[in-house]
Structure formats: C-alpha cells, structure tokens
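Student: Order-wise, the sequence lines are chains A and B. In terms of this note's numbering, the first sequence is residues 6 to 388. In terms of this note's numbering, the second sequence is residues 95 to 468.
Hints may contain errors.
To be verified - Calculated Cβ distances over 12 Å to all of chain A for the following chain B residues:
#: 1; residue: His130
#: 2; residue: Asp213
#: 3; residue: Ser236
#: 4; residue: His282
#: 5; residue: Ala326
#: 6; residue: Thr332
#: 7; residue: Ser337
#: 8; residue: Glu380
#: 9; residue: Pro415
Said to hold, decoys possible - Below are the SDA-like pairs computed for lysine to any residue, each with C-alpha atoms no more than 25 Å apart in a straight line:
#: 10; chain 1: B; residue 1: Lys184; chain 2: B; residue 2: Arg259
#: 11; chain 1: A; residue 1: Lys187; chain 2: A; residue 2: Gly230
#: 12; chain 1: A; residue 1: Lys226; chain 2: B; residue 2: Met159
#: 13; chain 1: A; residue 1: Lys226; chain 2: B; residue 2: Ser450
#: 14; chain 1: A; residue 1: Lys226; chain 2: B; residue 2: Leu320
#: 15; chain 1: A; residue 1: Lys226; chain 2: B; residue 2: His282
#: 16; chain 1: A; residue 1: Lys324; chain 2: B; residue 2: Ser450
#: 17; chain 1: A; residue 1: Lys324; chain 2: B; residue 2: Asn163
#: 18; chain 1: A; residue 1: Lys226; chain 2: B; residue 2: Val449
#: 19; chain 1: A; residue 1: Lys226; chain 2: B; residue 2: Lys184
#: 20; chain 1: A; residue 1: Lys324; chain 2: B; residue 2: Thr392
#: 21; chain 1: A; residue 1: Lys187; chain 2: B; residue 2: Leu320
#: 22; chain 1: A; residue 1: Lys38; chain 2: A; residue 2: Thr27
#: 23; chain 1: A; residue 1: Lys187; chain 2: B; residue 2: Met275
Said to hold, decoys possible - Cβ-to-Cβ under 8 Å is the rule here; a few derived chain A residues that face chain B:
#: 24; residue: Gln50
#: 25; residue: Trp228
#: 26; residue: Thr243
#: 27; residue: Ala245
#: 28; residue: Ala249
No wet-lab data here; the hints were simulated from the structure. Keep in mind that this is a model prediction, so the values were computed, not measured. Each residue gets a CB set at the ideal place from its N, CA and C atoms; glycine is no exception.
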Amino acid sequence: MQLKFGLISADSHAAFDKDTFTSRMSAAKWGDKIPHVAPSEREGQSIDGWSVYDRRSDTVCNCPAVMGDPFPHWPQRWEEVPRMAYDPHERLKALDIDGVDAEVLFPNPPGGEFHRFGDVQFELDTVQAYNDALADWARVSDRYLPLAIIPYLQEPMEIAREIERSIENGHKGVNVAGRMPKGRPHLADPYWFPLWEACEALGSPIHFHGSAGIGAGTSAKSWDGYSTRQAHSASTSTSAVTPAQIIPQLVFSGVTERFPNLKVVFAEAGIGGLNYVLAACDHEWECRHLWTEGLTTRPSEAVRRQMFVNFWFEAEGIKLRHDIGIDNIMWEADFPHVASYYPKSWDAVERVLDGVSEEDRRKLLYENAIRVYQIDVTPAETR
Amino acid sequence: MELNYGLISVDDHVQEPPDLWTSRLSSSRWADRVPHLERQNGTERWVVDGQVLLGGHAARVGALMGDRNRDPDRWEDVPTAAYRPADRLKAMDAAGVDYSVLFPTVAGLAGETFGSLQDPELELACVQAYNDWLIDEWAGASERFIPQCIVPIWPPDATVREIRRAVERGHRGVVFPSLPMDLRDVPHIADPDYEPVWAVCEELGVPLCLHAGASPGLQYPGTSGLSPTMAAALDAATRPVSSVYVLGLYLFSRVLLRHPKLQVVLAESALSWGMLYLEWADHQFEHDGLDREGYDLTPSEMFHRQCYFNAWYDKVAPFAPYVGADRILWSTNLPQANSTWPRTQETITSCFEGVSPEVREQVLWRNASRLYQI
C-alpha cells in the first residue's frame, strides 16, 4: 500500500449492501432468517431496518457522518443510505475526501453478534458470510483492513480455525466481545486460550470496541427520562472505561503472562483509559505483593508491551501520550458514525496534535498502525 | 483548624464494633435480624437479616494486618486502630494525617448495606444507630474525625428527615449509595422523586458523598478460578473507575443543573480516568447536538462547578490542569487493603512530583477544609 496522506484509521465501520447475506447464505436452509433489509414501523411511520433471524430492527444503516448535514441524523429508508457507506468502490472516494490512507473495519448494523439467537449453525453460517464479505473489501483495495468476527458458540478449536481461515483470506485481526455470551465461560477463562494462542501465533491483534458489550454501567436500571440523544451521550461516553474494566481481567487472570505476544487493541474507548489502568494495576500489584501469587511481570510492563488504544478528539489526553506510551496509541476516524469528524478529519488531527513533534505525529497517525497490523507500505509522502 | 501534617483524608473507614447495633436496637423487636457477629466453626462473621457481610470475615481492615491479603476471621484479631478512636488517632499520626472523613464498613463502604433490607423500619433503625454511634464514639472523641451520616434510601421524606436529624447531631456529609434502585425496588435515582434529598443537602451545605462500589454490577466481575488475593486485587482495580456511570448520570440527567449548590464527592474514585471522561462527555455532548436540548452548561462545566474526584495513589501533575486543582481531594483509604497507610507520605511525595506548592495544598487539605468547613 502507498501512503498518500499519512493517516490510517484504526477504527472505522463497514456497512454492508442489502444483499450481502442473502447472496452468500442458503435460502433453502435459512429462508427469512438470513440478515436482510425489511420494512418496519416506528411511531406510525414506515421505515427500513435490518432483520436478522426474524428479529426486525429499526436501524437500516449507522452512517450519520455521510448524510450531508452537520446536525446528526440517520437514514430511515434504504434508498437514503449513501453508497459510500456500503460500496467499497465508492467508499474509496470518501477516504480520499477525508485524506485517510487506510481504515481498519469494524461492524455496522446488522452487527457482529449473531450468537444471540442461540442457534449454533446459524451463527456459524452468518459469521462466515460476514467474514467472506468483508474479505472481499480487501480484494477491492488494500486500503481496507478488515477484522474478522467469531462464532462464539463453536468449540474453541473451531473458533480458532475460523480465525485462521479469515486471516488467510485477508483479515488483519479479530473483533471480540468483552463479555462472552451467556452460558459460555468468562473472557479470562482458560476455555478461550486456543483463540489467544491462534492470534498470538498469527500476530493478529484482538480488539475490544467501544463498550465491548461489558455493560460497564449498563447493568444498572436505565433511566427513561433521557431523550434519545441524551441517552446516547450518557452511555457512549462511559466507553472511556472499557479498557479499565477489561485489562485488569486479562492481567490479573494471567492471560498477558501466558500470551506475552498477544496484541490487544481498544478501539473507540479513548486513550486516557490506559492512565488509570497503569496506575491502578501497579498500585494493587505493589500493595498486595502480587508477584507472590505468580504474577511476576509488573502490570504496566505487560500493558505497554501488549495493549493499544485509539484517539481522535482528545486534545487534552494527547498531552499525556508519553505517560500512556507513545508506541501504544493509534488514530481513529470512527467513520461513518456520529463521533466522526468526516469530511474534516485533518482539521481535528491538527487541533488535537497542536505542538506535537514530527516523530510523535508519525507514530500516532500511521507508524504504530503499520506495526500493529503488519501493513506493507511504500514510504510516506505526508501532506 | 490545626494542621500538623497538611493532610485532610476525605475517605477513611471506621470498623463498627460487634455491639454497635445489638446494644442500640430492641432485641425483643428485632431478635437476630440486627447486624451482629455470628460465631460459626471457630470463626466470626457479620450477618444482618440473614445476609452475610464483608465476605464472611469479622472485619475489613487489610492495611492494618501483618498480611494485607488476610482479613481477620475473629474479632479478637481485629487491630484496635480499626475501631478504637484513640488508637486510630495514633495511626493517623503515624501516616501524617490531620483530619479524617469517615465512611462505614459493615454498613457498606458506600453506605449501601441497609438499603437492600426489605423492611424499611429495620433499615431506619440500623441507620440511626450507626449515625448516633458515630457522633457519640468518634466525633465525641476528637474533632479530627469528620463524621458523615448514612441514610435510609426510601421514601425520600424519610431520607430527608434523617439527614436533618444527623446534621443537627453533628454530621458533616451524607454518604449516599449512588444507585439505590440497584439495592431494592425503588424509583430510578434520576427521577424527580429524589428532589427533596438534593434540596436538603444544598440547604444544609453538606456534600453528597458517592463512594465507589455501591453497586457491584457496575464492575466487570472476575473469572471464578482466581485466588482470593487476585480476586480482591481485580475487584479493587475495577472499583474506583466504576464511578464513571454514576458521574455520567448526575451530569446528563440535569440533577446538578437543577441544584447548582449541591456538591458531589466521588469518594474512592481515583483520578486518572477523569480527564478522559470529561473530555469525552463534552465531545459526545457536542456531536449529539445536546446544546439544543436545554443544558446551560457542558458536562465538564457542571463537573467543575459541583463535583470532586478523590485520589490516593494517582499522579497529580498530568491531570490537575484540566480536571481542576480545586476539584481533587486526597485520602489514605485506611484501613482498606489498598490504602497507602502507613507509607502515605512517601506516596504523596511521588504522586505530587512536579506539582506547585499551591496546588499541593489545595489537593491535600484546602479543598477539603472548605468543603467540610473545617
């Protein structure tokens, strides 16, 4: 890949065309259960939404950044969804407009959690269709860096096989839920070790995105006094603590000790979460003498060695880049979601990186991503 | 106020003695439903209304034990600095603490224990006994102890009555379990039902203290195979930051906008996640267009006007400029296992590296002396 702009997004979202799943899954086997776009009703109005396993949603595409209005709104009908959200050819134009060289691709509706229907075979078929569809994006252009999703309900060795198959097909890493599906063991349980072993061997990072479904705070009864936008603000900003809830699980349960080369990326969780993790985990390690419990590596060492976080708006946070770890931070666009600065990502980059040295800028904007995702690049020609 | 060391610790815990409730509550009315130490197979554990507390131990006092990872299983093994005010004062002297703001232990690190009782009369009786005891035994022993009352969570007029009674008796802050609807079936904390509670705190000028850990559901529980020490470390590492949800609720639900004089202390919150959260809350506020939804202030502005973080092991220099030196309080967290006691002063030296003497004074005692009117 050639670097034209000197900016790689470590977190963007690929929307899918409406026939993505129907064209890849057996109609004879799954019929209307296959993810597809169907009309639905909200407050007396007819709208479109993704239907999965006969469960209808009222979201057809999460892409407010490309709707052409600075005040965020979401498409109601499929016809309103701009092609650049779901067509990988069209979307290259959006990348050029925004000055972004490449993007790591996370899910968009219908999402990546097909385990929730409890149907083992349906989950596997849908996950494979998803992974195949996204691998096709990487065939359109090497500017797309797809992340595979996993069939949680399979045996761990089978999941590892799907990971290997996907990486072979062009995926750059794996997106994982912070809280494993009901009835399955805890994230830090040895049950899942075959997954981490596979990812470590392949050099493929695992990812926790946003709240990562751990429900930090959402376990509390939700409040019905919020408007939709207020509820969104209140819940989204608590993703600031996702790394602070997940990393201690991996460190104190010995996962980082056992898999020292496993790379773990926290997308859309902000950079400042690591400050807390470094301070809190080291504090507990010191005052409880946790090396006597088999944890020989100081937690902050393991975190700096293995954990990565993304930034995009944090002008204050970026001042702490050396406390956090200058090699552990990557830029993200969150395109085409509401928090994205598209089409003016560079304005935000310049504002947030005001006063940051050239060397640090390079690391933050693309060098760290190139290393984490093992991207093959021809030298940068930054703007 | 007399300062010998220059530290007001805003988060320490008293260990309630075995006879606190049994000597104050009617045994003919409540029998063994009152909080008491129950003997079983040579060990002792706290029980209230059939619920076992403190993980089945006799106290929660790790920092005072020879081995921090072992809480005592018999009352006779509990160090006296945990429950005897005169000995606590010596412990404070040993770590250079002038004043200590008090939270409970058996009644819940965040005052949450009695809120989960299904019988409001038993709840109120337990709460009042604690509040009276703390004034009689601790506040009466030395003015270096700053007592804070606990409250019955529902109905609000009972909460308000108890706050008035307690403050009248000398309490200086209100320990409020931040999400009472997690404790028993009561309305959501952001509902208007609680307005009189916020109003009385404003009127009386007492801070509302929301201690981390009131709702364990806000933390990601660890996997079951961990050793007790590792499980405790994991719990302690994920607890302070779980305050993020509570803070967000107070900022976005407009409680602070409606009660501009209400002061909220996020006790045992730690500090280093706060800057990111505030910056994010403002960013999200802007991108979701909330300036069109009737807020006079952004989330960080509300925070700067009305909230405090409470740190005890974080570095201060990176965060003070944005969070605001006037919005950070310090503590020792004695006698919890992750307290800095007795090396509190050494920890302070390293945490305040690169911090000006003015900011250091603000964080270590000036903010607290203003807030608690010491």
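Student: All the hints need checking, so say for each whether the structure fits it.
Tutor: Tested hints:
1. His130: Its Cβ never comes within 12 Å of chain A, the nearest being 30 Å, so this holds.
2. Asp213: 22 Å, holds
3. Ser236: 27 Å, holds
4. His282: 5 Å, violated
5. Ala326: Label violated. Min Cβ-Cβ 7 Å, cutoff 12 Å.
6. Thr332: 5 Å, violated
7. Ser337: B:Ser337 not clear of chain A: closest Cβ-Cβ about 9 Å, inside 12 Å.
8. Glu380: 9 Å, violated
9. Pro415: 8 Å, violated
10. B:Lys184 x B:Arg259: 31 Å, violated
11. A:Lys187 x A:Gly230: Distance of about 29 Å is beyond 25 Å: violated.
12. A:Lys226 x B:Met159: 38 Å, violated
13. A:Lys226 x B:Ser450: Violated, at roughly 43 Å.
14. A:Lys226 x B:Leu320: This hinted pair is violated, its Cα atoms lying about 29 Å apart.
15. A:Lys226 x B:His282: 7 Å, holds
16. A:Lys324 x B:Ser450: 19 Å, holds
17. A:Lys324 x B:Asn163: 37 Å, violated
18. A:Lys226 x B:Val449: Not OK: A:Lys226 and B:Val449 at ~40 Å, beyond 25 Å, violated.
19. A:Lys226 x B:Lys184: Roughly 43 Å between the alpha carbons, so the hint for A:Lys226 and B:Lys184 is violated.
20. A:Lys324 x B:Thr392: Holds, because 22 Å separates the two Cα atoms, which is no more than 25 Å.
21. A:Lys187 x B:Leu320: Satisfied, since the Cα-Cα distance of roughly 20 Å is no more than 25 Å.
22. A:Lys38 x A:Thr27: 10 Å, holds
23. A:Lys187 x B:Met275: Answer holds: A:Lys187 to B:Met275 is near 24 Å, not above 25 Å.
24. Gln50: 21 Å, violated
25. Trp228: 5 Å, holds
26. Thr243: 5 Å, holds
27. Ala245: 5 Å, holds
28. Ala249: Holds - the Cβ of A:Ala249 comes within 8 Å of chain B, reaching about 4 Å at its closest.
Of the numbered hints stated above, those contradicted by the structure are hints 4, 5, 6, 7, 8, 9, 10, 11, 12, 13, 14, 17, 18, 19 and 24, listed in ascending order.
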